[in-house]
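A.B. asks: Those protein sequence lines, which keep their order, are chains C and W.
In the numbering used here, each residue's number is its place in the first sequence (first place is 1) plus 4.
In the numbering used here, each residue's number is its place in the second sequence (first place is 1) plus 4.
Rather than coming from a laboratory, the hints here were simulated on the basis of the structure.
Intra- or inter-copy, both count: the list cannot distinguish identical chains.
Keeping only pairs whose Cα atoms sit at most 25 Å apart, straight-line, the calculated SDA-like set for lysine to any residue is:
#1 Lys96 to Asn576
#2 Lys463 to Gly152
#3 Lys168 to Asp446
#4 Lys443 to Asp433
#5 Lys168 to Glu461
#6 Lys51 to Ala62
#7 Lys413 to Asn445
#8 Lys413 to Asp446
#9 Lys368 to Lys380
#10 Lys434 to Glu391
#11 Lys322 to Asp465
#12 Lys179 to Ile447
#13 Lys168 to Tyr458
#14 Lys322 to Trp335
#15 Lys463 to Gln320
#16 Lys322 to Arg553
#17 Lys322 to Ile464
#18 Lys413 to Ile447
#19 Lys168 to Asp449
#20 Lys434 to Phe407
2 protein chains.
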Amino acid sequence: MTASFEQFLINDPLNTYEDLDRYEKEWKPKVENYRKLLEKGIVPEYKIKLPGTIESLASQGFNPLKYLHEAKLLSDKEFEITDSTASALVGKIALGQLTSVEVFNAFAKRAVIAHQFTNCALELFTEEGLERAKYLDDYFKKNGKTIGPLHGLPVSLKEQMSYKGRVTHGSYVSKIDNVTEEHSVTTQVLENLGAVFYVRTNQPQTLMHLDSNNNFIGLSRNPYNLGLSSGGSSSGEGSIVGFGGSPLGVGTDIGGSIRAPAAYSGCHGLRPTTRRLSTRGGVSCNIGQESVPSVSGPMARSIDDIELYMKTYINQGKPWELDAWCIPLPWKEVLKPDLKDITIGVMYDDGLVKATPPIQRAMKQVVQKLTKAGGKVVEFKPIRTAEAYETINKLYSCDGNYFQRELLKGSGEPLTKLTKWCLNYGDGDKVYSVPENRKLNDIRDSLRQEYTTYLVENKIDFILCPTYNNVAPQPECVYNWSYTALFNLLDFPTLAFQTGIFQDPKLDVWDPDHQKYKYRSDLEKLECNNYDPEIFKGAPIGLQLAGRRYTDESVVAAGKAIVEILNVNLYNVE
Amino acid sequence: MTASFEQFLINDPLNTYEDLDRYEKEWKPKVENYRKLLEKGIVPEYKIKLPGTIESLASQGFNPLKYLHEAKLLSDKEFEITDSTASALVGKIALGQLTSVEVFNAFAKRAVIAHQFTNCALELFTEEGLERAKYLDDYFKKNGKTIGPLHGLPVSLKEQMSYKGRVTHGSYVSKIDNVTEEHSVTTQVLENLGAVFYVRTNQPQTLMHLDSNNNFIGLSRNPYNLGLSSGGSSSGEGSIVGFGGSPLGVGTDIGGSIRAPAAYSGCHGLRPTTRRLSTRGGVSCNIGQESVPSVSGPMARSIDDIELYMKTYINQGKPWELDAWCIPLPWKEVLKPDLKDITIGVMYDDGLVKATPPIQRAMKQVVQKLTKAGGKVVEFKPIRTAEAYETINKLYSCDGNYFQRELLKGSGEPLTKLTKWCLNYGDGDKVYSVPENRKLNDIRDSLRQEYTTYLVENKIDFILCPTYNNVAPQPECVYNWSYTALFNLLDFPTLAFQTGIFQDPKLDVWDPDHQKYKYRSDLEKLECNNYDPEIFKGAPIGLQLAGRRYTDESVVAAGKAIVEILNVNLYNVE
Chain C
5 MTASFEQFLI
15 NDPLNTYEDL
25 DRYEKEWKPK
35 VENYRKLLEK
45 GIVPEYKIKL
55 PGTIESLASQ
65 GFNPLKYLHE
75 AKLLSDKEFE
85 ITDSTASALV
95 GKIALGQLTS
105 VEVFNAFAKR
115 AVIAHQFTNC
125 ALELFTEEGL
135 ERAKYLDDYF
145 KKNGKTIGPL
155 HGLPVSLKEQ
165 MSYKGRVTHG
175 SYVSKIDNVT
185 EEHSVTTQVL
195 ENLGAVFYVR
205 TNQPQTLMHL
215 DSNNNFIGLS
225 RNPYNLGLSS
235 GGSSSGEGSI
245 VGFGGSPLGV
255 GTDIGGSIRA
265 PAAYSGCHGL
275 RPTTRRLSTR
285 GGVSCNIGQE
295 SVPSVSGPMA
305 RSIDDIELYM
315 KTYINQGKPW
325 ELDAWCIPLP
335 WKEVLKPDLK
345 DITIGVMYDD
355 GLVKATPPIQ
365 RAMKQVVQKL
375 TKAGGKVVEF
385 KPIRTAEAYE
395 TINKLYSCDG
405 NYFQRELLKG
415 SGEPLTKLTK
425 WCLNYGDGDK
435 VYSVPENRKL
445 NDIRDSLRQE
455 YTTYLVENKI
465 DFILCPTYNN
475 VAPQPECVYN
485 WSYTALFNLL
495 DFPTLAFQTG
505 IFQDPKLDVW
515 DPDHQKYKYR
525 SDLEKLECNN
535 YDPEIFKGAP
545 IGLQLAGRRY
555 TDESVVAAGK
565 AIVEILNVNL
575 YNVE
Chain W
5 MTASFEQFLI
15 NDPLNTYEDL
25 DRYEKEWKPK
35 VENYRKLLEK
45 GIVPEYKIKL
55 PGTIESLASQ
65 GFNPLKYLHE
75 AKLLSDKEFE
85 ITDSTASALV
95 GKIALGQLTS
105 VEVFNAFAKR
115 AVIAHQFTNC
125 ALELFTEEGL
135 ERAKYLDDYF
145 KKNGKTIGPL
155 HGLPVSLKEQ
165 MSYKGRVTHG
175 SYVSKIDNVT
185 EEHSVTTQVL
195 ENLGAVFYVR
205 TNQPQTLMHL
215 DSNNNFIGLS
225 RNPYNLGLSS
235 GGSSSGEGSI
245 VGFGGSPLGV
255 GTDIGGSIRA
265 PAAYSGCHGL
275 RPTTRRLSTR
285 GGVSCNIGQE
295 SVPSVSGPMA
305 RSIDDIELYM
315 KTYINQGKPW
325 ELDAWCIPLP
335 WKEVLKPDLK
345 DITIGVMYDD
355 GLVKATPPIQ
365 RAMKQVVQKL
375 TKAGGKVVEF
385 KPIRTAEAYE
395 TINKLYSCDG
405 NYFQRELLKG
415 SGEPLTKLTK
425 WCLNYGDGDK
435 VYSVPENRKL
445 NDIRDSLRQE
455 YTTYLVENKI
465 DFILCPTYNN
475 VAPQPECVYN
485 WSYTALFNLL
495 DFPTLAFQTG
505 IFQDPKLDVW
515 DPDHQKYKYR
525 SDLEKLECNN
535 YDPEIFKGAP
545 IGLQLAGRRY
555 TDESVVAAGK
565 AIVEILNVNL
575 YNVE
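Bound conformation, chain C alone:
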């Protein structure tokens, strides 16, 4: 990582990507038009008057979620609906206790407020959603049954996934005219199950930042502190799901892109094992790249809803009939375990970048509570993490950024700060040969094998560790992915879960020894120096729980047990 970090510092010329004149002339008008369409999509009667300019709110570290409740921006009924779990909602709709339209309208309103505060949406299409909700209510009345297990559930979608008849650009301006004729497989599966769509959410340029900046609508903000990022690359999903503007959101993750925004923005998110869910249909620079496949997965404020999503998507959705890449591995019922029956390996530090004080405090507190509840907790010392991080960084860009370059060059759009950063991963624009790629795959496989064998032989069920060395970062200041990317390389199913603990400027200061701490790399120094207790006030703290490949069910079930012990509640936050 040091090499690419230095490259970044000397501002490596990336002039083969940008063509600002052409962009201004040919593409910027299209982007402006796109923004107008987004504005048009906002239902006027749902709009609120903001309590200040976004800039001033951001500089205060304003908490819009708290404000939502304090200022009673929704009716009691709307609060009741939008602060319900997806599982409860589909249950009530199926019993006729709620209509799809009622549910939809409440979320559509909260989504608009979410967008006003956090800039989470690239596209809002409330009318289409309402029509679908009405259709589902009619269907229910006529047939006395639901269309599927997600009947009437509003679901937010990361924009990158193709949507029938709409533009899908993946935050590449060059794709701004790319009207996709079919839904992505995931979108289609969810529609088949009864979901209602109304919003497509923000994501960064290149889809390779743990943040959100792009030339379409810029940055998304954190629903707990507008001065912070909501993470990325499923940025808008973090904002909207954390804020409660969507009961269930769909992200994708190749290095942390579901888990980072979930952890930062106050919700849970699962990176499933590859090929259990589909990633077919969408815009991505990773077509044909199978060294570190991307995955899609759910984000929600309840782990029951993560399970609902996985179970219905797989068992009823049968994605393998629509996508030859998906494995017909049924979602097994795994009961929430007794903590006494599981062994958790705890990795406090990954050996690369030290965790900041709030993360350290949360890790300790969680381990204490788990131990007190009878959990078997052992230390997990990082295995070859430096090699793992170097390997995955090389794999990300071992096409010499060929596909990124094509997508970016298409419009010549200006590169954002973190785009320049990510284009320097690994060996940047150096095109690897196939033998070089295969050698990296071999290292990856040996790491997978070593972790798997270690867990099997030491009877460790899960690894508990930070999601990121810090809480939600300031905008465009997140450089390190090592805690999340490790599990992409290993292809371990990994849950980012909320601890119910929040950053506290008083408690979360570096311990006195930190001054003497000798940084292990420039990257660590950069990340640690970004921490300032006051700036991060109130940021939610999410940690990761990982299990062996294909043990997604067990990871989710253990996550349920853990948040229960921690008494996490992300609804009716006040």
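Put chain W on the given structure of chain C with help from the hints.
C.D. replies: The following block gives chain W in isolation, referenced to the frame of chain C:
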């Protein structure tokens, strides 16, 4: 393919591989020593006097399997044992009706005869096998139960897979000193299940011929006609399993290497979907190559035994605990279907290379019998097969043969004819870049998707087609893999099954129209011109049955139904 074919004809210089002086001096003595060890492994009392020199028998098209019975080279008891299915044998051993030692000795003897006729073994270690069989009998006596579901079953292993404490060379002379410390995962799983090992079998140089020539022991011969090849790359498995010297054999397949030798040599063989069984541990040029992963799989004279292998390997063997690449997808019980309930798409011709008369006759006959039995048979027109074949040929060598080159150059060994052929697949020694590799993967994925969608939408359960355009070829005369490699590219589970039909020089002549036939390529011309009715007399005819990814269970079950209709019997062949 045309380009590489022409390259081959002009004898493209491959002088960067060979170093004959060095080979003669440094390596040939090691090879000679290796051969001596093989000779030493042959139990003298099992050896028979051959009815002629191998050369004369080969030139007569001698059938050693027929001779085995006619000359009564085994006792009645030995015939009874070695002409039983593996399923029957493990059943009888578990009931105490047979001992492991009795079973072992019978197969060890038949294996030696198989080797004398067909040159199937690279390594014979009867003593070790006998010791293991004794241990298992003791265990059974002491505990009153078996050690696992394959308790006492002799299993033959393709040499390429690592074997604890023995040399594993994969037919690369440079690896002749490579003593592997651990079993391959497959070998370990089988050992855990109770298997008894005694023979490691022949395979070609590079492991990339559908034939068997190498610098270790040369060619293996066909157990039905010594003038023909037993196929490859699981060449020795074809010979030994077809001859009955092993009740169950393990091969590997990246382009047809299980199915070709099974079809040619008179047994059945399954190429499972990737990652259901392990390929971890062994010598291969495909480390880190995941565009077309190799698979391992069973070969046997009974499809029940194919099922026994898959079921016990997966459900009891749990390979995912030993290999992070394996999917914990249980082997489902799928009953042998009623033919009326399945739809079979028949592909008589893949659009690339025309089938020879015996294959055409067998295809027609099988379709007739299936139709008569009530089967729904529809025509399956090849979908983009030329593109598929070009793509897979490029993918095989898209490392520019880097890993082959390293393995071959290590000793400078002379290249065999088909090695030169296979080094010219795709673009031969041209090293592809990662973006080029990814584009090929994308073509592969679009083909997988198109075939999958076609089968789902047209409600076709299986594709029936030739395994190869001809029956077992003459030695080193097999150039076309298009019928088998298609299913490697698609990653469809594919069973090569015996039809019970054999080549007949009287029946199997080209129809008069063939003279006017316009070849679609040089490859087709070459393959068709290789056909001469007299030469191929008595060659078994095996066809392929393929299903969608992960439907291995259904493919095997349908295979059982089909061979029942065809009344196939590969035991007690006279």
